[in-house]
Every structure is written in C-alpha cells, then in structure tokens.
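My request is simple: use the sequences and hints to build the entire structure.
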Amino acid sequence: MSAEAETLPGQLPGGDKLKEIGAHIARVLIPVLLALIMGGIILLILGKDPLAYYGYVAKRGLLTWGGLQETFTRMAPLLLIGAGLIVAFRAGIWNLGGDGQFLLAAVITSATAPVLVGTLPDIIVLPLCMLLSIATGALWSVIPALLKARYGINEIITSMMMSFLGTSFANVLIKLLFWDPATTVPQTRTLPVEDRLPRLGDSTVHSGILIALAVIILVHLMMTRTAFGLKLQVVGANPAAAIHAGLNVSWLTIATFAISAGLIGLGGSVEILGVFGTVRADWNPAYGLLVVPLVFLARFNGFGTIGFVFFFSALMIGGDSAARRIGVPNHFVLVLVALLLIFLAVVEYLDHIRRKKAR
Amino acid sequence: MSQTQAVVAVRNVTKRFPGVIANADVSLDFNAGEVHVLLGENGAGKSTLIGMLAGMQQPDEGEILIGGAAVKIASPRHSLELGIGTVFQHVLLVPSLTVIENLMLGGSWWQRLARGAALKRFQELSGLLGVTIDPDAQVGRLSLGEQQQVEIMRALWRGEKVLILDEPTSMLTPQGVKDLGAVMKRLRDKGVALILITHKLVEAYAFGDRVSVLRLGRVVGDIPPERLKAMTESQVTDTVIQMMFGTTEAHARDAEILTGRGRAAHKDRAVDRSGAARLVARDVSTEADRGACPLRDVSFDLWPGEVLGIAGVDGNGQKHLAEVLAGQRRAGSGKIAIAGVDVTADGVPERRRHGVRYVTDERLGEGTVGAFSVATNLVLKEIGHAPFWKRGISDWPLINDHARAEIKRNDIRTPSEKTPVGRLSGGNIQKVLLARELNAEASVAVFNKPTYGLDLQNTRLAHDRIIASAESGMAIVVISTDLDELLEVSDRIAVMFQGHLAGIVENGPDVERKVGLLMTGAQSGTVGEAA
Chain A
1 MSAEAETLPG
11 QLPGGDKLKE
21 IGAHIARVLI
31 PVLLALIMGG
41 IILLILGKDP
51 LAYYGYVAKR
61 GLLTWGGLQE
71 TFTRMAPLLL
81 IGAGLIVAFR
91 AGIWNLGGDG
101 QFLLAAVITS
111 ATAPVLVGTL
121 PDIIVLPLCM
131 LLSIATGALW
141 SVIPALLKAR
151 YGINEIITSM
161 MMSFLGTSFA
171 NVLIKLLFWD
181 PATTVPQTRT
191 LPVEDRLPRL
201 GDSTVHSGIL
211 IALAVIILVH
221 LMMTRTAFGL
231 KLQVVGANPA
241 AAIHAGLNVS
251 WLTIATFAIS
261 AGLIGLGGSV
271 EILGVFGTVR
281 ADWNPAYGLL
291 VVPLVFLARF
301 NGFGTIGFVF
311 FFSALMIGGD
321 SAARRIGVPN
331 HFVLVLVALL
341 LIFLAVVEYL
351 DHIRRKKAR
Chain B
1 MSQTQAVVAV
11 RNVTKRFPGV
21 IANADVSLDF
31 NAGEVHVLLG
41 ENGAGKSTLI
51 GMLAGMQQPD
61 EGEILIGGAA
71 VKIASPRHSL
81 ELGIGTVFQH
91 VLLVPSLTVI
101 ENLMLGGSWW
111 QRLARGAALK
121 RFQELSGLLG
131 VTIDPDAQVG
141 RLSLGEQQQV
151 EIMRALWRGE
161 KVLILDEPTS
171 MLTPQGVKDL
181 GAVMKRLRDK
191 GVALILITHK
201 LVEAYAFGDR
211 VSVLRLGRVV
221 GDIPPERLKA
231 MTESQVTDTV
241 IQMMFGTTEA
251 HARDAEILTG
261 RGRAAHKDRA
271 VDRSGAARLV
281 ARDVSTEADR
291 GACPLRDVSF
301 DLWPGEVLGI
311 AGVDGNGQKH
321 LAEVLAGQRR
331 AGSGKIAIAG
341 VDVTADGVPE
351 RRRHGVRYVT
361 DERLGEGTVG
371 AFSVATNLVL
381 KEIGHAPFWK
391 RGISDWPLIN
401 DHARAEIKRN
411 DIRTPSEKTP
421 VGRLSGGNIQ
431 KVLLARELNA
441 EASVAVFNKP
451 TYGLDLQNTR
461 LAHDRIIASA
471 ESGMAIVVIS
481 TDLDELLEVS
491 DRIAVMFQGH
501 LAGIVENGPD
511 VERKVGLLMT
521 GAQSGTVGEA
531 A
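Top to bottom, those sequences are chains A and B. The working numbering numbers the first residue of the first sequence as 1 and each following residue consecutively. The working numbering numbers the first residue of the second sequence as 1 and each following residue consecutively.
One should not assume that every hint holds.
[Claimed, not checked] If the Cβ cut is set under 7 Å, some of the chain B residues that face chain A in the computed set are: (1) 276; (2) 344; (3) 347; (4) 349; (5) 366; (6) 369; (7) 380; (8) 383; (9) 389; (10) 392; (11) 393.
Hints were generated in silico from the structure; no laboratory data involved. Glycine included, each C-beta is placed from N, C-alpha and C at the ideal position.
Now the structure itself:
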C-alpha cells in the first residue's frame with residue numbers, strides 16, 4: 001500500500017515480468033477472497049445466510065442487465081474521483097477534501113446547466129458546465145494548496161476542513177441563491193432529462209462513464225509517461241530530492257491540488273448532468289472518502305482503480321438490494337471494503353517478509 | 001589488566017548472509033579497561049560483529065559470552081540492558097524530536113520523563129565531549145556531525161559497561177578527535193571496555209590498547225597491549241598492513257588512505273590564477289532555521305582546474321555553502337557569479353545550465369529517490385528536457401539505454417538499470433550520483449563529504465574522479481570533515497567556522513597546523529563565540 005514504488009512502463013527487471021504480474025494479481029485476489037470469507041462469517045454470526053447475501057449482491061450488481069447498467073452508471077463519478085486522488089496521492093499530497101470539492105462542483109453545475117440550456121445548445125452547455133465544475137473544484141483546493149506550498153501546513157487537516165466548509169457552503173448556496181421557486185424542498189432547478197448527458201445506445205448508462213474512463217486512463221498515462229507525471233512522483237517519493245533536482249515544489253503542489261480537485265469536481269458535474277439533473281440541499285453521497293481505500297487497493301494504478309471501482313460499484317448496487325432482502329444494514333458493503341483493506345495489508349506484510357527472507 | 005576475565009567475548013562466531021560469509025569463526029575478547037581497536041576494510045565483517053553485540057543480528061554459529069556466561073542478545077534493548085552501548089556509523093536518532101528528547105527516549109514507558117535530571121546529564125556529557133549543542137534543537141535540523149555527537153552522548157548516557165564506537169572520529173576536528181581520545185581514556189580508566197572501529201591506523205595507535213585486524217570476515221591478526229606498547233607507530237603500520245593485505249607491498253594508495261598520509265597523491269598541479277575566476281562568491285549570507293548554522297559573509301574566488309577544500313567541524317555552515325552554490329538555497333545577501341555571469345537569483349535548473357554540479361552528502365536523503373530505478377535517478381535532474389523528454393513525453397527506451405551506458409562507463413554494480421537505487425550499496429549510489437553530475441558540460445562542481453561512508457576502494461575512486469575533474473578544467477569545491485581527504489585533493493583549503501570562511505590557506509607543508517588553528521576559531525575574528 002505504499003506510494004513509494006514508481007510505476008513506470010518497463011521498469012520491472014526483464015524476464016520476471018509475467019511472474020511479477022501473476023504475483024500482483026495474487027496479492028489482490030487473495031485478500032478479496034479472505035474479505036468475502038470473513039464477511040460471510042460475520043453474516044453467519046448475525047444469523048444471516050452469507051451465500052444468499054452474496055448471491056443477491058452478484059445477481060443485482062452484476063448478473064442482471066438492469067443492475068449491471070446501474071453499476072456502470074455508479075462507476076462514472078467514482079472513477080473521476082479516483083483519477084483525482086491518483087494524481088494527488090502519487091505526488092504525496094493527501095487531498096481528503098473530495099466531498100466538498102465534489103458537492104460544490106455539483107451545485108454549480110446544477111445551478112448553471114438548467115439556466116443555460118434555454119439559451120445555448122446542449123453541445124456547448126454540457127462541456128461548459130464541466131469546465132465550470134473543474135474550476136469550482138480547483139478553486140476550493142486553493143487554500144489548502146497555498147497553506148501547504150507556502151507554510152508546509154498538513155494538507156490532510158486543511159483539505160478536510162475545507163471539505164466540511166464546502167458541503168455546508170453547497171447547502172447554503174442552494175437555500176439562499178439557487179433554490180428552485182417551483183419546489184417546496186430546497187433544491188436547484190432541474191435539468192430536463194433530454195438535455196442531460198446522452199445515453200449509451202438504448203441502455204440507461206449515460207456517456208459520463210466514457211469521459212470517466214478516458215480521464216482515468218489519461219491520468220495514468222500522464223503519471224507514467226510524461227515529465228510532469230514523473231516530477232509529481234519525485235515530489236511524492238522524496239520532496240528533498242525534488243528540491244535538490246531543482247523542481248519547483250510549491251508550484252507542483254498547487255498544480256497537483258488543482259488537477260486533483262478539478263477532476264473530483266468533474267465527477268460531481270458528471271453525476272448531475274448524467275443522473276440527477278438537480279441537487280437537493282441535503283444530498284451528499286460522500287463518495288470522496290469511499291474512493292480513497294479503492295485507490296490504495298489499486299496502488300494508485302489507474303487500471304487497477306478501474307477494476308476496484310467496478311467491483312465496489314457492483315457491491316454498492318447489489319448490496320443495496322441484498323441488504324433490503326436479507327435485512328442487513330446497507331453499510332455492510334463498507335464492512336467488506338474495510339476487511340479487504342485489512343487483509344490487503346496483512347498479505348502485503350507477509351509478502352514483504354517473504355521477499356526479505358528470499359533476499 | 002588484560003588478565004581479568006573478558007567483559008564480553010565472542011567465541012567461534014559465524015554469520016552468513018545470502019552469498020557472503022560476514023563473520024567466519026571469529027573469536028575475540030573485549031576486556032574491561034581496554035580500548036580494543038578493530039581494523040578492517042568495509043566488508044571485513046566489523047559491522048556484522050557489532051550488529052551481533054548490539055543485538056540487531058544473531059550469530060548462526062558460536063556464542064557471545066558476557067562475564068563468562070553465554071548470552072543470546074535478543075534485541076538492541078537487551079543489549080543496552082546488558083550494558084553494551086553502541087554508536088553506529090549511521091545516525092539512529094528520531095529527527096523530529098529534540099536533542100534532549102532523543103536522549104530521554106531510552107527509559108521504560110511507565111517512567112516519567114525527568115527533564116531536569118536529563119539536562120544535568122546532558123551538560124555533564126557536553127563537558128565531557130567538549131561540544132555545545134542546543135538541547136532543544138530538533139535533531140533533524142542538526143548536521144550529520146552534530147547528530148553523531150548526540151549519538152555518542154546517547155551511548156554514554158547510562159555509563160555502560162561496554163562502549164562500541166563505529167568510526168566515531170570521521171566527523172571531528174583534530175582537536176575533537178583529541179578530546180574524544182581523552183574521553184575514551186577516562187572511560188577506560190573507569191573500567192569500561194571500549195571497542196573502537198576505525199579505518200585510520202593513526203587513531204588505532206593513538207587510542208588503542210589492543211588492535212585486532214579483520215579481513216573477509218576473519219580475524220587475521222591481533223596485537224596485544226604489551227606488544228603494542230613496545231612498538232613504534234611505523235612498526236604498527238607495517239604490521240597491520242601486512243595483516244590486512246597479506247603483504248607489505250600492499251596497494252600503496254590503500255595504505256595511504258588507511259594511515260591518513262595521502263599527501264603523496266596530491267600532484268602539484270599548477271593552478272593558473274592569472275585568468276578570470278570561474279566561480280566568485282562575494283559576501284554571501286543565508287538565513288537559517290533554529291539549530292542550523294547560516295552562512296555569514298562568505299567570499300572566495302575559484303579558478304578553473306582548482307580544487308578548494310572546505311574544512312571545519314560539521315555544522316559550521318558547510319551544508320548551506322553547498323546548497324547556496326548549487327542554487328538549492330537562496331542567498332539572503334551577497335553575490336555569486338559563474339564565469340562572470342551573475343547567477344545569484346538563479347535556481348538549480350539555471351545553475352545547472354551554467355555547468356554547476358552538486359554531489360550531495362545525503363545520497364539517499366536528497367541525492368536520489370530510493371524507490372526509483374537507477375535509470376530514473378540518472379536523469380533526475382534532466383526531467384522534462386531533451387533528449388530524454390520530447391514535448392514532455394518520456395522516452396523510456398532512451399532513458400534505459402542511457403542508464404545502461406552509464407552503468408558500464410562508471411562500473412556501477414547493479415543487477416539492472418531498473419533496480420531501485422536504494423537497494424545498491426553506498427559506493428554504488430555514489431557512482432550513480434557522480435555519473436549524473438560529472439559530465440562534459442560540468443564547469444563547477446561542489447562535493448559535500450564525497451567519501452562519507454565509503455570503503456577504501458570507492459574512496460579512492462571518488463578521489464580520482466575529483467582530481468581528474470579538476471585536471472579537465474573544472475573548478476571544484478570539496479567540503480569534507482576529513483582533513484586527510486582535503487590534504488589529498490585540494491589546492492587550497494578554506495576553513496568554515498560558525499558560518500564564516502575563517503581563512504584560506506595554500507595546501508603545503510604545515511598546512512595541518514594552520515587549518516587546525518582556524519578550525520577551532522583560534523585565528524578567526526570570532527573567538528569569543530567559540531565553543
């Protein structure tokens with residue numbers, strides 16, 4: 001789970017590549033299995049049938065067309081948040097303010113999109129709202145970024161504080177500025193369904209998933225194949241070496257924060273433009289912190305993150321329905337993710353010892 | 001005193017690591033009231049032996065006797081409880097804590113931290129060692145040398161039975177070494193068994209009561225106190241060299257480095273100072289954090305082909321000097337010019353374009369990114385620039401090719417160019433740094449402690465690289481706390497004292513005395529502040 005190892009193409013000692021990839025997969029699959037088994041044991045203790053639970057999860061999240069579509073739809077915002085987190089974490093910057101950045105961007109999107117669709121064509125409105133949301137997210141990261149770059153103040157604290165402020169501010173914005181007069185519950189005006197992100201074929205999945213996949217792959221390539229990405233990784237792995245090598249650490253810190261928060265903001269925008277069309281004042285899916293463990297599980301690898309986000313989305317969608325049928329709390333999904341993290345750490349630790357012995 | 005039973009003894013100890021036998025059937029007695037010197041090259045097995053006494057490793061075969069009884073030293077804590085205190089070559093302090101907090105760390109968890117008592121002991125030890133360190137300075141902000149002084153205090157903290165010193169003098173002034181010698185004598189007379197590990201025969205002769213020589217994991221020779229006392233220094237030198245290399249005609253340079261008489265290697269290069277100076281520093285000052293020493297009005301000129309050695313006790317502003325020359329640290333005031341161009345305001349990339357190179361002493365701390373490959377580290381200061389990056393896109397095949405060529409050219413011992421640089425030995429990491437810094441475009445090079453922690457062979461290589469670079473016309477600054485090293489490579493030697501350049505002297509006869517005087521502040525204008 002360390003951020004140290006550099007992921008650069010072709011950086012594994014030659015020959016062992018296949019073996020190494022196999023070991024990587026084993027290091028992920030073994031914890032997944034152990035987590036499912038342990039989760040099953042917990043269900044048994046609760047007097048529930050684990051096989052029924054997992055069966056419903058698989059059926060609802062993966063094996064029915066409708067469920068699978070929901071899973072894909074859920075992936076879009078999570079992937080964009082994941083992309084934002086990868087950029088930050090690889091640069092050693094712990095942007096944990098995702099919820100505030102996400103929500104504010106969503107509110108700005110839902111406040112502008114319904115107003116603009118009347119005057120401008122959708123093809124301009126949708127990208128414009130996305131850009132606006134990126135700017136909003138980035139703007140909300142400026143304070144933690146400056147404090148970190150200028151005074152070295154721990155960004156975990158500041159970004160989380162800004163996140164609390166951001167979620168409250170989003171609420172305030174809706175109630176004071178963007179409240180749709182036609183509704184009694186505080187919420188923004190609603191973007192008509194026909195003006196939202198186009199669906200993929202005749203499915204219910206909106207095209208935001210394509211944007212998200214493209215973004216996370218581009219982020220992965222940026223981190224592994226560009227000078228900018230390598231600079232960020234140097235800053236993340238050894239800030240003293242970055243200064244020694246003459247990198248502008250302050251500027252890179254601010255840029256990292258802006259990109260990270262901007263992409264998370266884009267996630268909020270896509271969720272509104274694709275799914276909801278409006279933000280209610282009490283809406284806060286709190287995806288920001290949910291994605292953090294997934295990105296860790298994937299070792300900050302973009303493709304790995306896609307896999308884990310898919311797995312987690314299926315769990316979320318399936319877990320919802322399974323929870324209702326079996327009578328398990330909704331949040332049991334989070335228990336599974338927590339178990340996964342624990343077992344991943346254990347397996348990693350054992351692997352570390354094994355390799356140390358082999359050396 | 002040698003008739004008493006050994007305080008600590010190792011009996012037929014063997015320790016293997018994959019591929020090497022670090023200690024083979026080693027038997028040694030360490031007696032109370034005796035300074036026992038262990039001599040040997042890096043890799044001779046001294047560190048492993050110490051590691052076992054300090055409880056960090058267990059012997060595969062053989063046993064360790066304490067007071068005659070076989071003991072399994074299970075952990076470093078156990079070792080301390082048995083009364084064995086060790087000062088390791090590498091600093092093992094908590095950088096985020098203050099000096100006094102580090103010293104108070106050893107107690108049990110349920111004990112209250114008694115700051116008053118700790119401060120008293122601290123003052124006592126400060127007096128004993130003759131050092132002045134701010135007890136409330138954060139350890140991470142101290143220089144390596146000062147941190148080592150704190151380490152010595154920590155090992156002495158409980159007045160142990162056995163004190164192991166692993167190359168303790170490498171950072172001290174001649175006077176500091178003398179003081180340490182006095183401390184060792186005092187401790188010895190109190191009945192402490194001292195184990196002194198050193199490269200330097202002079203020290204072995206000056207401080208040791210008994211000398212044991214290790215080679216390739218075995219004890220190859222032993223000079224007991226009676227015999228040592230009867231021998232002259234040169235006899236000891238000859239005997240030890242014979243033990244270490246199996247012949248008196250050992251590699252002449254090895255012997256020179258070992259005896260610290262490396263002057264013969266200093267060729268009398270004639271430095272042409274008639275032309276324009278390559279590097280000019282005028283009244284350069286820096287600002288420092290608490291515990292660090294800033295530069296104060298440092299001025300010097302450096303001509304092409306010249307090596308300027310910077311001597312001084314660690315922590316007198318050397319690090320700032322190196323950083324300010326490299327562009328890593330901003331000069332608060334003053335002016336720095338390279339080949340007549342004012343570069344005071346330039347950062348590292350601009351300085352690099354002017355040919356400035358900086359080989360840092362913190363090879364893993366800032367010189368390299370340990371988790372990154374050798375190939376990446378070789379281009380760490382070129383990120384984003386042609387030919388390895390084209391419009392910001394990395395050309396990994398080219399970077400790897402470049403690495404393979406450099407690995408070959410510089411004889412870097414690594415399994416592959418993709419191996420994380422942190423897995424290499426210190427000598428090979430240094431080779432990576434030298435390969436990165438010293439190329440055809442280099443015109444000014446700053447070396448900070450270029451041979452710190454390196455073995456004889458790599459020390460020699462580093463010295464050769466420095467001299468060869470000077471001969472190719474580079475202007476070179478070598479910062480070192482090892483005066484012998486400076487005597488070998490420098491044309492002139494400047495001394496840093498409390499952030500000032502206390503003076504610059506030509507390398508030549510009697511230079512040691514002059515430098516020694518400058519080092520202690522005796523000849524600078526700020527004697528009043530001297531420790």
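Hints and how they fare:
1. 276: Since chain A brings no Cβ nearer than about 26 Å to residue 276 of chain B, farther than 7 Å, the hint is violated.
2. 344: violated (16 Å)
3. 347: Interface hint status for residue 347 of chain B: holds (6 Å vs cutoff 7 Å).
4. 349: With a minimum Cβ separation of about 4 Å from chain A (threshold 7 Å), the hint on residue 349 of chain B holds.
5. 366: holds (4 Å)
6. 369: The hint holds - residue 369 of chain B has a Cβ within 7 Å of chain A, the shortest such distance being about 4 Å.
7. 380: holds (5 Å)
8. 383: holds (5 Å)
9. 389: Hint on residue 389 of chain B: holds, closest Cβ of chain A at ~5 Å, below 7 Å.
10. 392: holds (5 Å)
11. 393: Given a least distance of 6 Å, the restraint on residue 393 of chain B holds.
The earlier numbered hints that this structure contradicts are 1 and 2.
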